[in-house]
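**Student:** The chain contents come next:
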Amino acid sequence: MSKVSARLYRRRRLVNHVSLTFSFLATVFGLFWLFWILWTALSRGINAMKWDLFTQMTPPPGSDGGLLNAFAGSLIMCFGAILVGTPIGIAAGTWLAEYAGKQRLGEIVRFVNDILLSAPSIVLGLFIYELVVHQVGHFSATAGALALALIVLPVVVRTTDEMLRLVPSQMREAALSLGVPQWKITVQVLFRSAMPGIVTGILLALARISGETAPLLFTALNNQYWSTDLNSPMASVPVVIFQYAMSPYESWQSLAWAGAFVVTIFVLALSLIARAILVRNKVRND
Amino acid sequence: MAVPSGSVIDASQPAERIAARRALRDALFDGVFRRSVAAAGIFVLLILIAVALSMLWGGRQAFLTFGPEFLWSTDWDAVNHKFGALVPIYGTIVTAAIAMLIAVPVSFGIAVFLTEVAPGWMRTPVGSAIELLAGIPSIIYGMWGLFVFVPFMAEHITPWLNDNIGEWPILGPLFRGPPLGMGMLTAGIVLAIMVIPFVSSVMREVFLTVPSRLKESAYALGATTSEVVWDIVLPYTRSAVIGGIFLGLGRALGETMAVTFVLGNAHRLSPSLLEPGNSIAATIANEFTEADSEIYLSSLIALGFLLFVVTFIVLAIAKLMLNRLNRLEGAR
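For the protein sequence lines, the chains are A and B, in the order given.
Once you know that position 268 of the first sequence is 294 in the numbering used here, the rest is easy, because the numbers rise by one and skip nothing.
Once you know that position 313 of the second sequence is 321 in the numbering used here, the rest is easy, because the numbers rise by one and skip nothing.
Quick caveat, the hints were computed from the structure, so don't treat them as lab data.
Heads up, none of these hints are tricks.
As a list, the in silico DMTMM-like pairs of lysine to aspartate or glutamate whose alpha-carbon atoms are at most 20 Å apart:
1) B:K90 with B:E298
2) B:K223 with B:E213
3) A:K210 with A:E199
4) A:K210 with B:D34
5) B:K90 with B:E77
6) A:K210 with B:D38
To list a few chain A residues with every Cβ distance to chain B over 12 Å, as calculated:
7) V30
8) A32
9) I72
10) M75
11) W77
12) L79
13) P87
14) S89
15) G92
16) F97
17) G106
18) V162
19) L192
20) T254
21) R306
To be clear about the criterion: a stretch of chain B counts as covered by chain A if any three or more of its residues have a C-beta under 8 Å from a C-beta of chain A, and this derived list gives those stretches:
22) 24-38
23) 141-148
The structure displayed is predicted, hence computed values, not measured ones.
Every residue, glycine too, gets a C-beta built ideally from N, C-alpha and C.
Just chain A, with the same shape it has in the complex (with noise of 0.2 Å):
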């Protein structure tokens, strides 16, 4: 080798070297600070987990209590999202799979949903405000419900659209072959074999829902009290959180931090749930 080349190769080398450093650095960085937050969320949180948790309202200031209300509110409030949201996600989703995948109208609704999907949870709860809330002239959990479902949504579309384009053709072909009207073979064979996947979705959508603050914020509002009244306030697990976290006493921010444990423990169960059935269902079709 000439003294040149040489000298080329062991700059190359060593660009190379510092280069993958950098990256290898660069994910040691991005974890660190990922687990730190989860390391905090969850030692903080067992610490502050008391069964009175599970059994007592949001206490007034200063005094000790429990999250039964919130968390009962945040059941009722995602539980109502996903029954509103789910039918017309799959509904939408499969329109674009089946019938207006590559139509102009099609690709124009795949694009919008793909920007609800990451629109700002804030703005969502700033149109259910002016179009419920507003309206009707109070706050009530009917309205937090139809700002999750507008998360929901575009969650179930992307994912029902997705997974029916993954079915194979073959199947429909058959079916149709059989003098199935289109209809059946949607709802019969092509849901059957997608079913998994938009399963998944919809815990994905649930897992998003049950952390979102921001959009409560203005429509369901809060309520100390235990309240199943649809058409009043309700607390959330989120809002009272950042409630009690923004708070100076010592018991509301215990509360915040347990609550926040129960919350991340939810999200990385579903997480996890939903992905193990996409990785079970994608290993039996092969």
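Based on the hints, put chain B in the right spot on chain A.
**Tutor:** Below, chain B alone, put in the same frame as chain A:
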């Protein structure tokens, strides 16, 4: 098709009529089904339009009262009913810019590590771990920021920045300020940590689409890994990588809870990144339920409209950039 004979079929009707009626019924159901799923699809489109229009309608009073001055006025005076959006807009842009400045190189490094460098057994678990962490609700990031990171900034980072960079001629004023811990810089860093999982997983997926024969050809010619990344992977995926960055930017601009906790909620335009500030989303979250006059509420909704327009543009660019790679993939 053979018509089954038996008790199910009324023998008095000829087989053709049954088949015809069934065909009619199927066609009817098909039409109903197609129309209802199409209605759901159009509904998605209508929601986006309705969101934009309703915010414009809600903010009309602010836009009409203050005119275009709303965009560059620094007023935020609830007593005298004078509102301007410059401080929140500035805060949103600065925090998002800090976030992207940190998140983009780190995410790029992570994506390269996970696709080109890491040993095979490491790639899936680390990649999944990062994606799982992307699902943690933003309020957890906010709480961590408030209780752990703000004190850390106040004790260690801020004094150090004041002593070392604070004296510099041009950059100096950016890093001079009280050791509060809260402020633009803290918010930007927390946002960066939130955005890293998103951007890096998009980049990772995009890098995986590069045909391995392209990379193998380059390796066969003696290219190093870094040369393959710069000269093969990046040119092939450039538009999608930019799309991923814009996707992260869209998140950073609209993120509410993580920022609200650590920004300090101060309506003041200050050159220092260490001073408390405000962002559009944080202003809305903090003040919406306290707004006591029509014009106050209208100004907040007008802020929401601005945020929506900006994120819409950013996300649209992201989507178009990402689609370009898909088309390239499809053309292959």
